[in-house]
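Kindly produce the complete structure, drawing on both the sequences and the hints.
Those protein sequence lines, which keep their order, are chains A and B.
Quick note, in this note's numbering, the first sequence goes up one by one and the last residue is 642.
Quick note, in this note's numbering, the second sequence goes up one by one and the last residue is 636.
Treat the hints with care, since some could be wrong.
Footprint (simulated), chain B over chain A, 3 or more residues, beta carbon under 8 Å [unchecked claim]:
1) 603-610
2) 622-631
Cβ-to-Cβ under 8 Å is the rule here; a few derived chain B residues that face chain A [said to hold, decoys possible]:
3) Ile22
4) Trp380
5) Pro382
6) Cys397
7) Met398
8) Leu401
9) Pro403
10) Asn421
11) Gly427
12) Leu447
13) Lys558
14) Tyr561
Some chain A residues flagged as far from chain B (calculated, every beta-carbon gap over 10 Å) [to be verified]:
15) Lys538
16) Glu553
17) Arg586
Just so you know, these hints were derived from the structure itself, not from any lab.
Glycine included, each C-beta is placed from N, C-alpha and C at the ideal position.
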Amino acid sequence: MDNFGFTISKGRQIDYENNNRFIAEYIHEREPSFRSCIECGCCSATCTTGNFTRFSLREIQILIKRGENEQVRENIKKCMLCGKCILVCPRGVNTRNVVTLAREAFQKELKNAV
Amino acid sequence: MQFDLFVIPFNIGLFFILIYAVARSVLWFMDLSRPDKLRLQRGFFGRSFGQSIKEIFLESLIHRKILKANFRLGYMHMSLAFGWFLLILFGTIEADFFGERHLNPPYKAIFFKFFNPDHGRSGFEAVYTFWMDFLLAFILSGLVLAVIKRFSSKVVGMKKTTKLRMLDKIALTSLWLIFPSRLIAESLTSGAYGTGSFLTGSLGSLLASFLPANQLAYPFWWLYSLSLGTFFILLPLTRYMHIPTELFLIFARNSGIRTGDQSGAFREMQVYSCSSCGMCIDACQLNFSAGITNIQSAYLLKGIRNNESVSDIAHNCLMCGRCDAKCPVGIELTPIRMISRRAEEIGQVEKNLLKKYFPERKKLVPVRSNGQPSYSWLPAAESPNTEVLYFAGCMTHLTPSIKKSMVRILDASGFRYNFMDKDGGVCCGRPLMLAGQDKEARELINYNSQLIWKSGAQILVTSCPICYKVFRESYYLGVEVLHHTQFIKRLIEENLLKLNFMRVNIAYHTPCELGRGSGVYDEPREILQHVARLQKTPYDDINSLCCGGSLGNMKLGYKEKSRITRNAVSHLTKGNPEILVTSCPLCKKTFAAATKTRVADIAEIVAGVIARPPVYKKLPELQYTGDVHANIY
Chain A
529 MDNFGFTISK
539 GRQIDYENNN
549 RFIAEYIHER
559 EPSFRSCIEC
569 GCCSATCTTG
579 NFTRFSLREI
589 QILIKRGENE
599 QVRENIKKCM
609 LCGKCILVCP
619 RGVNTRNVVT
629 LAREAFQKEL
639 KNAV
Chain B
4 MQFDLFVIPF
14 NIGLFFILIY
24 AVARSVLWFM
34 DLSRPDKLRL
44 QRGFFGRSFG
54 QSIKEIFLES
64 LIHRKILKAN
74 FRLGYMHMSL
84 AFGWFLLILF
94 GTIEADFFGE
104 RHLNPPYKAI
114 FFKFFNPDHG
124 RSGFEAVYTF
134 WMDFLLAFIL
144 SGLVLAVIKR
154 FSSKVVGMKK
164 TTKLRMLDKI
174 ALTSLWLIFP
184 SRLIAESLTS
194 GAYGTGSFLT
204 GSLGSLLASF
214 LPANQLAYPF
224 WWLYSLSLGT
234 FFILLPLTRY
244 MHIPTELFLI
254 FARNSGIRTG
264 DQSGAFREMQ
274 VYSCSSCGMC
284 IDACQLNFSA
294 GITNIQSAYL
304 LKGIRNNESV
314 SDIAHNCLMC
324 GRCDAKCPVG
334 IELTPIRMIS
344 RRAEEIGQVE
354 KNLLKKYFPE
364 RKKLVPVRSN
374 GQPSYSWLPA
384 AESPNTEVLY
394 FAGCMTHLTP
404 SIKKSMVRIL
414 DASGFRYNFM
424 DKDGGVCCGR
434 PLMLAGQDKE
444 ARELINYNSQ
454 LIWKSGAQIL
464 VTSCPICYKV
474 FRESYYLGVE
484 VLHHTQFIKR
494 LIEENLLKLN
504 FMRVNIAYHT
514 PCELGRGSGV
524 YDEPREILQH
534 VARLQKTPYD
544 DINSLCCGGS
554 LGNMKLGYKE
564 KSRITRNAVS
574 HLTKGNPEIL
584 VTSCPLCKKT
594 FAAATKTRVA
604 DIAEIVAGVI
614 ARPPVYKKLP
624 ELQYTGDVHA
634 NIY
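Now the structure itself:
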């Protein structure tokens with residue numbers, strides 16, 4: 529096809545009906561403070577891991593809540609649990625527990641699938 | 004030979020518990036690792052034997068540590084343990100001395116009065132009977148306290164007492180019945196024969212005045228024997244197992260055996276040595292600041308003993324180590340909790356009674372929540388050659404003033420140094436370890452170790468006690484690791500740093516990981532006394548509080564954490580200090596949010612009072628330009 533210098537952009541709707549909300553619900557149930565995140569991005573700004581590599585807890589929280597888990601699965605393993613994000617969070621989200629629970633949930637999901 | 008049917012329950016119980024204790028000890032000994040076996044052999048037949056006997060006397064019988072901490076609770080424990088011991092000891096002597104012959108079977112001493120009702124009428128016999136009555140009264144006074152404590156723990160000066168299982172309750176009832184039944188049985192016999200001293204004699208004559216004492220005594224002797232037998236037989240299944248286990252534990256500990264991170268026989272011994280006295284509950288900040296009363300170490304150990312899932316309990320803890328410091332038995336509670344975090348014991352609750360008496364070691368299955376190694380993104384480890392390496396740590400990057408102050412101090416010291424994580428470094432690995440993920444932490448440890456080795460540094464200085472602890476304990480560096488307080492102390496001692504005196508009142512907060520975690524108490528205090536007026540707080544040194552920001556707790560929410568912080572800060576600022584000083588960036592950050600008092604790190608205080616422009620002999624790249632620090636900021 530000829531290249532006219534513009535493309536059709538990918539669809540940007542969030543398909544809640546088909547997305548898998550298992551991870552989000554797993555975390556919600558065990559760490560209620562996950563709900564109070566306002567996606568301000570303080571955690572990503574201070575992140576030790578984010579300093580070296582493309583890792584953003586803000587992005588991860590948004591994606592998990594949408595149920596778009598595939599992008600999170602590998603990314604979430606990068607966290608070092610150092611805990612700086614807890615200290616800067618203006619909403620008091622227990623971020624370390626959120627990450628740990630997300631890892632747990634991915635592990636459980638994997639087991640359920642097999 | 005004097006004998007009566009009623010002694011049979013007591014005899015069965017006694018011989019059962021003796022044989023059981025020996026069998027269990029042999030099993031524990033077999034389970035120890037080979038070096039530990041050798042240690043125990045050397046300790047048992049060596050110099051530490053005397054020390055162990057002394058400790059058994061002071062701690063298992065007198066309960067010195069509990070007495071010091073809480074007199075009424077200590078008296079309760081002492082009267083039951085030491086009183087009972089004396090009663091048995093002097094009872095045996097009595098039976099041997101006044102009985103019809105020497106070397107009697109044990110039941111003779113216990114039921115002496117029944118077989119010799121006429122004993123104790125006059126002379127030395129009466130004095131001896133008075134002494135035996137006194138011992139019984141001593142035990143009974145403790146028992147009264149114990150009964151009251153069960154219903155209202157405040158009476159013995161405790162805020163909370165431990166909750167019990169069914170089996171514990173039966174054993175407790177039989178224990179409670181032992182001494183009152185002895186009292187009544189002896190009193191009735193004494194009443195019938197007109198003997199006995201101030202307690203049994205007077206109660207006996209009172210009872211005999213309106214009751215058929217001679218007939219009634221016999222059933223109470225049966226009750227006495229039965230309650231003793233029941234208690235001995237149930238003992239291995241309940242918390243009273245701590246009585247025999249503690250003896251073994253004291254020998255093992257004095258031989259130099261430590262838990263480390265091994266989940267072997269020594270850990271099991273410690274788990275069984277817990278008497279659920281509840282000292283850890285009162286010491287716990289989650290209890291007295293945040294009102295969480297079901298996760299303390301006594302419950303953790305109870306959960307492990309009963310094969311319950313302890314994952315939630317194990318993770319809901321600040322890991323401040325206050326309970327470790329307070330435990331009268333000296334159980335290494337925090338290491339045991341760390342083991343429970345790393346791996347969970349998988350097993351079913353044992354229904355088979357025989358297996359309950361000899362529980363199999365449960366398999367420890369590692370908790371996997373992280374999947375495959377995940378830190379492949381780490382950059383290549385490169386480090387320039389240097390003399391002193393400074394590692395600020397993640398938390399110090401959140402408190403830049405500490406970082407700046409340390410740079411200033413290091414500049415003034417004249418050492419050739421390198422700021423290892425100037426542009427943000429890799430985590431030290433301790434937070435992952437606290438979350439029970441040791442294998443993942445190893446990856447970070449390897450990475451940082453390489454950085455440190457490549458730098459060729461001799462001294463590694465860190466500002467964060469969390470990093471300090473892990474550098475010292477889990478890295479194998481061959482480099483001297485110093486917390487910045489130790490480093491500054493050394494600079495002052497070697498005259499590399501001249502400091503002015505500030506005329507302000509300051510209070511010092513000892514961080515958990517630096518104080519109880521690593522045993523660094525003196526250096527920070529000495530520096531502070533050198534530069535300012537240091538106030539005393541009721542929570543100094545080993546009794547220090549946790550700031551509440553601890554990375555040890557995964558489960559605690561924001562609200563509970565801030566309750567702990569506010570409570571701690573209110574205790575520390577009671578003397579109205581102008582500055583609240585700490586030596587941990589995490590504590591500083593946590594406290595600063597909760598108080599109006601200025602919170603500062605030791606490094607900031609010291610950097611603020613450096614006396615004169617230091618001479619830059621060893622630093623060729625820095626030139627003196629009037630304002631010495633102009634080129635840093």
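Going down the list of hints, with the structure as the test:
{"no.": "1", "hint": "603-610", "verdict": "holds (count 5)"}
{"no.": "2", "hint": "622-631", "verdict": "holds (count 5)"}
{"no.": "3", "hint": "Ile22", "verdict": "46 Å, violated"}
{"no.": "4", "hint": "Trp380", "verdict": "4 Å, holds"}
{"no.": "5", "hint": "Pro382", "verdict": "6 Å, holds"}
{"no.": "6", "hint": "Cys397", "verdict": "4 Å, holds"}
{"no.": "7", "hint": "Met398", "verdict": "7 Å, holds"}
{"no.": "8", "hint": "Leu401", "verdict": "6 Å, holds"}
{"no.": "9", "hint": "Pro403", "verdict": "12 Å, violated"}
{"no.": "10", "hint": "Asn421", "verdict": "18 Å, violated"}
{"no.": "11", "hint": "Gly427", "verdict": "4 Å, holds"}
{"no.": "12", "hint": "Leu447", "verdict": "6 Å, holds"}
{"no.": "13", "hint": "Lys558", "verdict": "7 Å, holds"}
{"no.": "14", "hint": "Tyr561", "verdict": "3 Å, holds"}
{"no.": "15", "hint": "Lys538", "verdict": "26 Å, holds"}
{"no.": "16", "hint": "Glu553", "verdict": "18 Å, holds"}
{"no.": "17", "hint": "Arg586", "verdict": "17 Å, holds"}
Hints 3, 9 and 10 from the list above are not met by this structure, while the remaining hints are.
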